[in-house]
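> In the working numbering, each number is its position in the sequence shown, counted from 1, plus 957.
If you're looking for bench data, these hints aren't it; they were derived computationally from the structure. Just to be clear, a hint being listed does not mean it is correct.
Said to hold, decoys possible - Computed list of lysine to aspartate or glutamate pairs in EDC-like fashion (alpha-carbon distance at most 16 Å, straight line):
{"id": "1", "residue 1": "K1221", "residue 2": "D1545"}
{"id": "2", "residue 1": "K1254", "residue 2": "D1209"}
{"id": "3", "residue 1": "K1271", "residue 2": "D1209"}
{"id": "4", "residue 1": "K1297", "residue 2": "E1281"}
{"id": "5", "residue 1": "K1157", "residue 2": "D981"}
{"id": "6", "residue 1": "K1432", "residue 2": "D1393"}
{"id": "7", "residue 1": "K1254", "residue 2": "E1281"}
{"id": "8", "residue 1": "K1134", "residue 2": "E1086"}
{"id": "9", "residue 1": "K1254", "residue 2": "D1160"}
{"id": "10", "residue 1": "K1006", "residue 2": "D981"}
{"id": "11", "residue 1": "K1157", "residue 2": "E1489"}
{"id": "12", "residue 1": "K1254", "residue 2": "D1230"}
{"id": "13", "residue 1": "K1271", "residue 2": "D1393"}
{"id": "14", "residue 1": "K1293", "residue 2": "E1147"}
{"id": "15", "residue 1": "K1297", "residue 2": "E1183"}
{"id": "16", "residue 1": "K1293", "residue 2": "D1270"}
{"id": "17", "residue 1": "K1204", "residue 2": "E1188"}
What the hints assert, rightly or not - Here are the computed distance ranges between Cβ atoms for each label pair:
{"id": "18", "residue 1": "G1095", "residue 2": "Q1508", "range": "30 to 40 Å"}
{"id": "19", "residue 1": "F1193", "residue 2": "D1535", "range": "41 to 51 Å"}
{"id": "20", "residue 1": "W1182", "residue 2": "R1234", "range": "22 to 32 Å"}
{"id": "21", "residue 1": "G1400", "residue 2": "R1538", "range": "38 to 48 Å"}
{"id": "22", "residue 1": "G1096", "residue 2": "E1487", "range": "38 to 48 Å"}
{"id": "23", "residue 1": "R1107", "residue 2": "N1223", "range": "54 to 64 Å"}
Backbone N, C-alpha and C fix where the C-beta goes; we use that ideal spot for every residue, glycine too.
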Amino acid sequence: MAKTTKPQNSRQPNGASSIYFGKDGRWHGRVTVGVKDDGTPDRRHVGRKTRAEVTKAVRELEKQRDSTGVRKAGQTWTVETWLTHWVENIAAPNVGENTIDGYRVAVYHHLIPGLGAHRLEKLEPEHLERFYQKMQAGGSAAGTAHQAHRTVNTALNEAVRRRHLTLNPASIAKAPKVEEEEVEPYTLEEIQRLLLEAGKHRDHARWVIALALGLRQGEVLGLKWEDVDFEEGVLFVRRNRLRPRYKHGCADRCGRKPGYCPQKINTRRETKDTKTRAGKRTIGIPEQLLTLLRRHKQEQDRERVRARDLWVDKGYVFTSPTGEPLNPNTDHHRWKDLLKAAGVREGRLHDARHTAATVLLILGVPEAVVDRIMGWEPGKSARIRRRYQHLTGQVLQQTAAKVGALIWGPTPHQVPSTPGGPPPHLSQSPAPAEPDVYVACLGRRYVPFQHHDHAQAVASQWGADHPGKPAHVEKWDRPKWEQEGPGGIRAIRDRIPDRRLIHHAHAVFLPGGERLNIGREGQWDVVAWEFETDLYTDLPVRWHTTRRPGQEVEAQVRGTDQEAVTAAFDEACAQAVDRARNPAKYGDIDSY
C-alpha cells in the first residue's frame, strides 16, 4: 500500500520576508526590519508591477536592514523640522549656554534658510557641499561655514542614533577648509605700553590679569573677592561670566526688541562653572598685581559709598559703577579702546591669553606648571600648547645660541636664557634704590620722586595751577612707600614729569540721538601733568565714544593740537549719534 505524504506547507517561518500576488493585480513584499515600540514586529511593505521587481526591492530592503539599518517608521521629517526639534528639545537642555547660542545661530541663520526644505532622508552630501560654497560666496567666512558644518553633523548624528536616518550625509560631505591663522602674541614692549595705558583707566588690574596670568575673559569677569587670597598671594578660578540674554518685562508693549526694553529682564544666570574640570585652579599672583588688586578694592569701596542705595553687592572683583558684574560685550569694546589708546596693533582679547602662554614659554616654565596656570587638561594639552605658545624671536635666539654654544663653544654675544624668572630688562626698576622717597602730595594725588628738588618744583607749580588746593612735599622711607604707596617702587620718578596744555571736548547724547545739555561748554583747555591721566595725553588728538549705564552715549576728545581736537570732535559726535540710535551696530546690546 502506497504511503501518502502531507502536502508541503508554503508558509514562510516567522520573521522571514514574504512575496505574494495581490487582488489589486500587483506584486507585494513584506520584510521584517525590527521591532516596534510596542513589541510587535516592524514589517515594511513594498509593491511593484512584476515579481522580479518586487523581489529586487525586497532583497535591497533586507540588505539595508542587515547593514546600516532601516529608517524608523513614523513622522516624515524635513531638515527644518528636525533641526528645530533637535536644537530646542534635544541640544538645549544638555549643552552649555554659549554652545546653544552657537547652535541656534547656525540653525536659524544659515542651515534652515539654506537647506530647510529638503526631506531629511533625501539630504545628500552634495547638497551640503554646494551649501557651504554658497555661504562663502555670499560673504560668510570659512570659519562660519565650518561652524554650520559641525552643527548639522551633530544634529544628523543624533538623527542616525534615533533611526530617523540610516546614514549621516554630513559625515561624508567635505567640510569647508579652515586655515588656522598663526596668532602673533604681543611683544614685551607692546605689553608694557598696554599696561601703561591701562593704568590710566578704572579697571587697571583687569588687563594686568589677562596679560600676566592668561585667564579667559569669562574667568576674569567671574572673579569674586572671595576668590582672592591676599595673605597667601593666590587666586582661585572657579566660574565663568555668561553673556546676558533678555526678555520683555513689559509684556511686549514697548514695541522694541527685548534688549531695548526699558523693563528688560535677564533670563540667563550670571555665571557657570569653568569650561573644563582643569579650569578650576589656583594661580599664584605676582606681588605687583596684588598691590593693584588691593588698590582696586579700595577704589571699589569708594564707589560703593558714592552709589549708596544703587549699589548691588554681589562680591564681584570687576563691576559696573553700581556693583553689577561687567557685561562681556562691554569688556570687549573696552579692550578695543585700550589697544587704540595705547597705539598697539589690532588684536582679539583672547590674544592676551596667547601672549601669557608665550611668556611662560620664554621663561622656561615646566609644561605641567603651564597646564595648571592656563587651565588645560593634563595629558591632553600638547596640541593646545602648540596652538597657544608661539616661537618668538627671543625663543629662537636662545635656541640658536644653545646650539652654537654646544658646537662652537660660547661666544660673547650669546643670548642668555632665563628659566624660572623674567628676562633681565623686565626686572629693572625706574629709579635706583635710595633710603627715602619724596612724595608730592597734590590734593588727593600722591606722586613719588627720587629727588626732593623735583618733588618741590612739581608741588609748587601744581599749587599755582590749582589755587586753594593743598600741595606739599612729604618724606617717606622706601619700605613704607613700597607697602602703602600707590604703584609701589615702579611709580617713583627720577625726573620732573611732562606738563602741557591739553584741549578737551565732550558731549552726551540721548538714546534717540538728541544732544543732552550737561550744563557746561563742550570744549575747554586745561594745563595737565603727565601723572594726571584723566586729563593728560601726549598725542595730537585721541577720541572715543562710550555708552553710559543709563543708555546715554558720550563722545570724549582730547589732544595737544587744538585744530585736530575740533575736527575730531565733529567725527566723535557723529559716531555718538549713530551709536545712540543704533546700539546693536556697536555691540551695546547682546541679544534681543
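> Please go over all the hints and tell whether each is borne out by the structure.
Taking the hints in turn, this is what the structure says about them:
no. : hint                      : verdict
1   : K1221 / D1545             : 14 Å, holds
2   : K1254 / D1209             : 40 Å, violated
3   : K1271 / D1209             : 29 Å, violated
4   : K1297 / E1281             : 26 Å, violated
5   : K1157 / D981              : 89 Å, violated
6   : K1432 / D1393             : 7 Å, holds
7   : K1254 / E1281             : 15 Å, holds
8   : K1134 / E1086             : 11 Å, holds
9   : K1254 / D1160             : 10 Å, holds
10  : K1006 / D981              : 10 Å, holds
11  : K1157 / E1489             : 9 Å, holds
12  : K1254 / D1230             : 24 Å, violated
13  : K1271 / D1393             : 41 Å, violated
14  : K1293 / E1147             : 14 Å, holds
15  : K1297 / E1183             : 33 Å, violated
16  : K1293 / D1270             : 28 Å, violated
17  : K1204 / E1188             : 43 Å, violated
18  : G1095 / Q1508: 30 to 40 Å : 34 Å, holds
19  : F1193 / D1535: 41 to 51 Å : 42 Å, holds
20  : W1182 / R1234: 22 to 32 Å : 24 Å, holds
21  : G1400 / R1538: 38 to 48 Å : 39 Å, holds
22  : G1096 / E1487: 38 to 48 Å : 46 Å, holds
23  : R1107 / N1223: 54 to 64 Å : 29 Å, violated
Going down the numbered hints, you'll see the structure goes against 2, 3, 4, 5, 12, 13, 15, 16, 17, 23, while the others check out.
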